[in-house]
Structure formats: structure tokens, C-alpha cells
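Could you slot chain B onto chain A? The hints should help.
Spelled out, the chains give:
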Amino acid sequence: MFEITKKEILAPGIKLFNVSAPEIAAKAQPGQFIILRMDEKGERIPLTIADVDRQQGLLTLIFQEVGRSTMEMGELNQGDHFLDMVGPLGKPSEIAKLGRVICIGGGVGVAPVYPITRAMKQAGNEVISIIGARSGDMLILEKEMEKVSDSLYVVTDDGSAGMKGFVTTKLQEILAAGRRPDLVVAIGPLVMMQAVSELTKPYRIKTVVSLNSIMVDGTGMCGACRVPVGGKTKFACVDGPEFDGHQVDWAIAAMRARMFIDEEKTAMERYHHAGGECQCQKKAR
Amino acid sequence: MPKKGKITADRQTMPLQDAKIRSRNFNEVSLGYTEEQALLEASRCLTCKKPLCMDGCPVDVDIPGFIKFVQAENRDFQKAIDKVKEKNNLPAICGRVCPQESQCEKYCVLGKKSQPVAIGRLERFVADWEMAHGDSQSNPVKPSGRKVAVVGSGPSGLTVAADLAVLGHEVTIMEALHIPGGVLVYGIPEFRLPKSIVQREIDNIKKLGVTVRTNMVVGKINTIDELLGKDYDAVFIGTGAGLPYFMDIPGENFNGVYSANEFLTRNNLMKGYLFPDYLTPIKIGDKVAVIGAGNVAMDGARTALRLGAKECYIIYRRSENEMPARAEEIEHAIEEGVQLHLLTSPVEIIGDENGRVKALICQKYELGEPDASGRRSPIAIPGSEYEMEMDTVVMALGQGPNPMVSQTTPDLQTNKWGNIIADEATGQTSKPGVFAGGDIVTGAATVIKAMGAGKKAAKAIHEYLSCL
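Order-wise, the sequence lines are chains A and B. Going by this note's numbering, the first residue of the first sequence is number 1, and it counts up by one from there. Going by this note's numbering, the first residue of the second sequence is number 286, and it counts up by one from there.
When the alpha-carbon atoms are kept at most 27 Å apart in a straight line, the in silico DSS-like pairs for lysine-lysine are as follows: (1) A:K27 <-> B:K716; (2) A:K41 <-> B:K568; (3) A:K265 <-> B:K643; (4) A:K265 <-> B:K556; (5) B:K480 <-> B:K370; (6) A:K91 <-> B:K515; (7) B:K701 <-> A:K232; (8) A:K232 <-> B:K568; (9) A:K232 <-> B:K643; (10) A:K27 <-> B:K515; (11) A:K91 <-> B:K716.
Over the 10 Å line for every Cβ pair with chain A, so calculated as not near, a few chain B residues: (12) D345; (13) E596; (14) Y650.
Calculated directly from the structure, the hints in this document are not laboratory data. Beta carbons are placed, not taken as given, at the ideal position from N, Cα and C, and that holds for glycine.
The following block holds chain A by itself, in its conformation from the complex (with noise of 0.2 Å):
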């Protein structure tokens, strides 16, 4: 049983949780995922590792309500368990100095791109990042970014936080005013990273992405996270999650994401209907 010994509501549906994992902790590098169980009809859950406490054995999870699993797993309290939690899976991110990095994270996926900006810091690169979300109050993780990044940059879709626009908009800026880098990092929502990856294509950026495929075991046994980069068939699990975004198949990865979308929807209806929303929200407050 793995323990969450500390939750915080970031933003509205974005939660963190320090879960007690000291072996998988020992292990973690960033880049990596763990796929975790709430309980005994619960999904294979697969979650980035945004952080890592190796010393207390911790592991730090963030993650948005999306859908009924995630939702359910908001209404988890510090005390609470996971039933099962394996890991640390994916391939690590390749950290290396560089030169000048760019890392950029959207939404919730701001969340993985924080521990490879800090390491790639740590490796003596310069570190431009930026930072989007929908609205000022979606925002996650800013003074820790700030924090291991030179310079950071916010942006929002409606202006309230940051300048208004996209994270390509800010990148389109910076590519335009000559600060070329020698590799992008994007995580985000698959539109976001397609639109980072297009943008850097022509410049020829060396462009990571991480992919959040629809996952089953996560050891590369089922094929469910299959997504073709560069022509041949990868999956996500074991031979990412990250990948040359100028590589992948950006309308097959959208495509797969929508594989479930019907039945999503049925567990939500249960879910609503169950009145597991108001008891989710009341604890929120």
C-alpha cells in the first residue's frame, strides 16, 4: 500500500500528492512514470513523476480531473493509500548540457516538464522556460519554475496572467528574436505540443514531447500506447514516453487518444449519478 502524506489543490481540479513509494523513489529519474491502482476495480493509472524526495522515499504526483478515475482520485485525502503503484517506467529524459535549452510546459503538463528543467539547469544549460495555461488561476508550479530557470515567461490563453497567447506565441518571439536553442522540451496537451513541434520543424530545433498514451500494463506487453514516429511503430511506455516531436504522428496519437471517449463518458455518468462530483467538490472547499 503506498501512502499520500500530503495533498494540495494547485488549481481548480489540479492536485499534487506526496505519496510514500521509497523504492520507486530510489530509483526515478525525470522523464519517468509510474502506473498506479486506487483499489480493486480501479484503471492502471499512468502519472508523470514531477518530483522526487529520495531521502523521505517520496514521490510527488500531480495530476488534473479529467475523467471519472482522476476525479475519484481528487477525493483522496492525505492518510489515504493506493492499492498498487509500479514504476519508475518510460525511458528518462536524456539530460545533457547542451547550451541554451527551452523547456515548456502546458496546463497540467507543466507538471513533468519541472523536473527535467531543474535537471537540465543543474547540467550547466541556459533555461528558458515558458509556461501556459487556459486562465492566471490554472497556473501551476510557477515559483518553482521560476526557481530553475533563467529567464521564465507565462502565458495565458485569456491575458489574465502573463501575456496573452499561446506557449508557441512566446517560443515564436523568442525564435524570432534570434535566442536560438539547441533543444525544445514540450509537455502538454497533444494540440500543444503538435503546434511547439511545427513551429521548431522549420528552424530544424531538436524538439522532445512526451506522450501521455492511453496505457494498459506499461512493460510494452499490450500495444494499446502504440503511435508511429518516424514511420515505424513505438510504444509510449517503453520506448518513450518521450519522443522527436518533428518525428511522431500527431493525428494518430490524437486519434488514439479518442479510443475510449464513449465509454468515458458512461463512467461519468455512473459517477455523477453516484453524487460523487458534489462529494468531490465539497472536500475541494
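Frame of chain A; chain B shown alone:
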């Protein structure tokens, strides 16, 4: 009492759930012999002095020895199961899923003139009898002071663990998934092998003193070198055939195309058939095609029917004679309504505007000269392509070795397909103290073959530990 050499009973048929009913539920298809049937069937066994049947058993079960205890004059089912368990730690499982027709029963002397003794069904009977009546006892053994890590809790790993525990070694099984059992849990469906039975067999192995740790992906949370360096004197790798093959045809990424591994794992391990009570979804449409004709393909097709498919096809590029599945599985599938499209193979999957599978383009085949496998090779007939409307496609083309352990163990030799190279008689790999067996060595095979490899490896590991 029947006189030896004179057979008075016919081979007892296995009572089954009615095909129409069972094709819509996940309960076990075969109901098991009644005591009366078991006695009658056992009475057919000649208890040969030189039993040929044992030549066909990969784990050397004393077959006439156990059947003798099922015969009316002895009628001691506890002794029967004890006899089986001298060699086989998973009798309730083997009695259900072993391909007896190509193993023990193939060699039964009765088979020459009539039908062989139903050895597998008797094995199942005594194992189930024990589950219902007895309780498996384990005698305390003197600890050897040696520790062994077993990677993977499928048939080979469980066998190694049990055999070594009985010899006094301290065994820890590391399983990547959240439930132990490997393919017995994620792969073989409930209707063929109830999960409560797998659980019970694993509980019995735990009673021997074996520790089972789930959620441990060796190769990630630790490496073979770390296991050997820190806590363990030897390691057995039984990680199975956990890498799905696809066909590399256009349209394979459309929603509605599953690997058999994904389809079966969603259903069996995650209990997708109970969605939305259980939260892992599994989605099928009215028309389901399963590509391939092995046991996994039959499991996939029969699962699809139970999930509500109106039409379900097995699509296979060779003919019925070459189908690798057990005859019984094919028979059961057909009874339940699975349709065979033989000498046929898909060349393309067509999707709709939402990216969902809509149709399958298939091509007809004919059989040519025998190929390397000895089977007549399928040859595509040009211009024979035709379209079948389809909602779901399950690729059951076989599985390769999962590379997670070998990738993180540089001095572990593998062959060109990625299988770990291990001595057939001992399971010894290129790395001292490291043994391997089951599908990770041989490629996808059967439960009992993996158990046979586990037996041999356990013996070799014991010898290795004794020399340390």
C-alpha cells in the same frame, strides 16, 4: 472391479455448459467430472508397468500412479492428488489448459485401438477435489540459507519457486503486474481457467514459504545484477512472451484494432467485461475479426462473443489442418458461433472519419509446398481481395520476448529474436547464477512446457546453490 486389460467403460465426456448459454457468460465452460465419471474413467486405465503416457508429460507426473488411487478399489483422492503434486505444483491449472491430446494422452496405449484415458480430466478432478475437501499441507523444511529471486510469476516462475521452496531455499517472486500469475491471469480467460483457481494455486505456493512481490518491474526498479549483488544467490528469469506482434499492414492504428494481449488483458486482468463496475473499458462492435488461429486467437474470439459481438470471425491464412490451437478449443469456439475464414489474410484495415475500424480488406490464399515449419506454406492469390465490414480487429499473431530484462543485463546473451539463450537441460544462461525458462527462452509455447523448463531449472539452481 474391471479386470485388467478389459475396458468396460467408454471415455467419459466432459460435462459442458450449453454452447448457447455459455457464449454469453464468463463462467467456466467445462464443468469437470462428477465422482462417478472420474471412477469410470479411471477404471479404463490399465496402469501399465511401462507407462508410455509419462513420456508425453513435460514434468514427469506419475500418471498411472495417481490414476490408481482414483480407481474404485482404492478411491483415495487425497493420495491421488499428492501423487500428482510430487511432480506438478499447478495441477488444477494443468488439468484445464494442458494440450493433453498432444502430450500424455497421445501416448496412452488405449489410444491405439480406441480412445486414450482422459488423463487431463482426471488430473483436474483430483485437483478440484482437493480444493473442495482437503487443504494442501506443507511440511516444514530445513532452511538452506540460500536466497533465490524469480522474475515473473507465470507457469515457469511458479514452478521454480515451489520446487526450490520445498528444498529449503528462500524464494521471492517479482511480478510486474498487480496480480501474480502472468499469462494464467492476464491471458487465459475466466471461462477456460477461473482466476479463483489460479489464486488458490498461488496461495498453495505461498504456503510453501514463497514470497510474492507484485508491482516489481525488474529492469526498472532493480536489475539482475543488483539482485545478485545484494540479496540473492541465484536468479531465475521467466518473463514470458510479453511483446505483441502486429502485421504491419495499413490501418493497424485505427481505434478498434487491439493486440490480443491488450484485448485479453483488459478483459481478464482488468475485468473489462464488468465495466463500468470495474473501471477499465473494453470496447467491441457487432463484428469482430480475430487474426490468427492459435489458442490465444480462440480465447480472443470467444471473449468477443461473450462481450456481445453478433458476428465473430477467425481469419487465418492457412487451412484448418494447420491451425495451431487445441482441437478442443477450436471445437468449443465453433459450437459457440465463431466462424472460420480460412486461407484468408487481411491486407488492409479501413477506418471511418472518426478513426474507428470500418472494414477489413482480405485476400484469399492457397497452400503450396511445405515451408521451414513443415506446414504447407500459404500463397496469396492475386486479385482475390475482398472487403468485410468490421468493427473490431484483434491481432493474435503470436508474441515475442519482452526485452526489459535483457536490455538491462548486458552480459545476458539473447538470440536474434531476443529470446534469452539458456541450456535446454538446466536453464543456465550465459551469466553465472542466472537461469531462464519458459516463453522468454523458447518463444510462445504452452503452460506445461514452461513448467517443464521450470522443473529443470529448479533442479539446476539447487545444484548450483549446493556448490556455493
